[in-house]
Amino acid sequence: MRYLTSLQNLRLAWCKNLECQPEWISCLSSLQSLCIIHCERFRLLPVHVRDLTSLQVLQVHNCQLVVAERFQDPEGDDRLNLQHISTVDVAAD
1 MRYLTSLQNL RLAWCKNLEC QPEWISCLSS LQSLCIIHCE RFRLLPVHVR DLTSLQVLQV
61 HNCQLVVAER FQDPEGDDRL NLQHISTVDV AAD
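Take 1 as the starting number for the sequence shown in UniProt numbering and just add one per residue.
Don't read these hints as lab results, they were simulated from the structure. Keep in mind that this is a model prediction, so the values were computed, not measured. All C-beta atoms in this analysis are idealised placements derived from N, C-alpha and C, irrespective of residue type, glycine included. Don't take every hint at face value.
Simulated restraints on C-beta separations [claimed, not checked]:
| id | residue 1 | residue 2 | range |
| --- | --- | --- | --- |
| 1 | Asn17 | His84 | 26 to 32 angstroms |
| 2 | Gln83 | Lys16 | 29 to 35 angstroms |
| 3 | Pro22 | His61 | 15 to 21 angstroms |
| 4 | Ser86 | Lys16 | 27 to 33 angstroms |
Go ahead and model the full structure; you've got the sequences and the hints to work with.
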C-alpha cells in the first residue's frame, strides 16, 4: 500500500483488529479522504496523520473505542495533529 502515492481516497471498514491508523498511510502523499468505519478496536490516530498534507476529509464512524471529545478538543494532541484537515467528522456510535 505504501507505494500507492497517487491514491486519493481510502476507506477502511470492518477491520476488527485495527487499533490505530497503519504507519504506511503516511506514505500516501496524495490522500485527500480517509474514512474509517466499523473498526471495533480503533482508538487513535498516530502522529503520522499530520504528514498527510493533502488530506482534506477525515471520517471515523462506529468505532466503539473512539472518544469523540479527544478529537474535538481544540488544544488536545489529536486535534493539533488534525488542524490541517478541513473536514473532521468523528462519531463513536
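A quick look at each hint next to the structure:
1. Asn17 x His84: 26 to 32 angstroms: holds (29 angstroms)
2. Gln83 x Lys16: 29 to 35 angstroms: Roughly 30 angstroms apart at Cβ, these two residues keep to the hinted range, so it holds.
3. Pro22 x His61: 15 to 21 angstroms: Holds: the Cβ-Cβ distance is about 18 angstroms, inside 15 to 21 angstroms.
4. Ser86 x Lys16: 27 to 33 angstroms: Once the Cβ atoms are compared, 30 angstroms apart, the range 27 to 33 angstroms for Lys16 and Ser86 holds.
In summary, the structure agrees with every hint in the numbered list given earlier.
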